[in-house]
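Visitor: Chains as they are written, first to last, in the working numbering: chain A, 1 to 144; chain B, 1 to 432.
The reader is advised that the hints may include incorrect statements.
[Said to hold, decoys possible] The following label-pair restraints were derived from C-beta to C-beta distances:
#1 R13(A) with K2(B): 55 to 65 Å
#2 A18(A) with V424(B): 21 to 31 Å
#3 A14(A) with S400(B): 33 to 43 Å
#4 L350(B) with K28(A): 32 to 42 Å
These aren't lab readings, by the way, just hints derived from the structure by calculation. Think of the CB as a built atom: it goes at the ideal place given N, C-alpha and C, for glycine as much as any other residue.
Each chain, letter by letter, is given below.
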Amino acid sequence: MTIKQISIFVENRAGRLADITGLLAESKIDIRALSIADTTDYGILRLIVNDPDQAVDVLRQSGMTVSATEVLGIKVEDIPGGFAKAIRTLSDKDISVEYAYAFITPDVGKAYVIVRVENNASAADALKTAGITIISQEEIFNSK
Amino acid sequence: MKYFDPQIETASRETLCGIQSERLASIVKRCYDHVPFYRRKFDEAGLLPGDVKSIDDITKLPFTVKQDLRDNYPFGLFAVPREDIVRIHASSGTTGKQTVVGYTENDVEIWSRSAARAIVAAGGTKADRIHIAYGYGLFTGGLGLHYGAEKLGAAAIPVSSGNTMRQIQLLEDFEPDILCCTPSYALTIGEAMRGAGVDAKKLRLRAGIFGAEPWTEAMRAEIESVLDIKAYDIYGLSEIAGPGVSFDCCMQNGMHVCEDYFYPEIVDPDTLEPVPDGTFGELVFTCIGKEALPLIRYRTRDISCLTHETCECGRTLVKMMKPKGRSDDMLIIRGVNVFPSQVEHVILTLGLEPNYQIVVDRAKNLDVMTVCVEMSDAVFSDAVREVERREKEIASAMQSVLGVSAKVRLVEPRSLPRSEGKAVRVVDNRKI
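Using the sequences and the hints given, assemble the complete structure.
Guide: What follows is the structure, given as structure tokens:
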């Protein structure tokens, strides 16, 4: 039960982010969550969208470097220690997190977190065992 | 001491011509007898060694280019048996392979004498200490000046390049009289001294001999001011010998060529016809004094001009102007020769997009080369750590092939100029 995230290479130039998000808007692609990893010269824009396959096509056709990665989406309690519990679970199993980003949802009292790990299956098992809910692509968009 | 070899450096034109004619005839015969490459070229041109009697006959001879050295890699152009070679140096070639040069004992002797002449022309004497901050190794810079200093009887201090704070400490503690390094490194040392609060006026240093990369008169003035010394230019290339092929005298307005060993010509780079004194063209050398690698009419690709006017320093040796460019696309990065084709070779070997651009800047007086590579699926990842790892891989492959470090910058696909006819592969922002 993974989520398809798309990642886009973005050179640090004025207007690039606007160009990319504009392209997605034209294709009526809905962005649910995003994160940007930035370095001096470039950034990596990571998106969770309603139609990742179409998003990849649209961006590729415009000559961008795009990749799709399966990531885990988890639902945590929106209280102090909610995220800590999930991360502790992974850390106890020696599963390292490459990156993570959170977003809130209309699901009151819950927060959603995207987690990128090396092995999704073992991370999902560990989280489920600890009573943490793994969410699907559909759930993210249905929760709107 | 005004001249190291006064009988040559102030010889009459007639005497020089006599020496040149005799030596030219001798190396032509040597090449014909011992280097199959030259014998073939002479045969193709219908030339026999006996046809070359005087230096004026040099125009009958075929040219040699860097590619010929590569085609005969590593030792195919050597004109002496293996046991007569006492030294081997190498510099970067247009692709992966190095340009290899060899020296007999006598070749090292004439190269050392050339470098010694340069040191004396810069005011050096046997009582001096000479701080050599050129790199030592396959590069001819360090050992060239080193042997020149010892030939003169001065004290060579083989510091080699790098570790600027140590350079400054030795300049203070060992009290050298002359500094030898690349001009950009001289400025780096000067600025680091200023930063460390070391007063250049308190140093014993009085002169510097700088070469291996192009530099301007403005840079000369800056070095002279920041280090409080006189700055002298020195020219050379490993194919011909190394530093000392030509050198500045006290007039600092052109470099005297050791034309008894290295006979210079200027030709039109397109027609290859000789041009008159004072006209810029491609500099060509014939190694009339050498045994191991007596290259004939070697095209340096440097654009310069010659003047036979008598110099106020008293030397009669012909002068060449500071090269003002290249007739090929070679770049000189921190003294190291870099060809765009080498960069391309690395990029293709690593399976990257074949579109790239080399940007050269001079930051804090040091050349910085950045290779822009278009991002591709092969390099991209959603994780920064992974992209950075691949970036480093590219940079280290560049370093190992080019012999000089390059920054790698990943740019968006299709953002670099395409090769419509000729792609703009090199953007040189240095003001030189």
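Visitor: Decide, hint by hint, whether the structure agrees.
Guide: Checked hints:
For the pair R13(A) and K2(B), the supplied restraint of 55 to 65 Å holds, since their beta-carbon distance comes to about 60 Å. Checked against the given bound of 21 to 31 Å, the beta carbons of A18(A) and V424(B), roughly 27 Å apart, stay inside it. Checked against the hint of 33 to 43 Å, the C-beta distance between A14(A) and S400(B) comes to roughly 36 Å, which is consistent with it. Taking the beta carbon of each, L350(B) and K28(A) are about 39 Å apart, inside 32 to 42 Å as hinted.
Hint compliance for this structure: no hint is broken.
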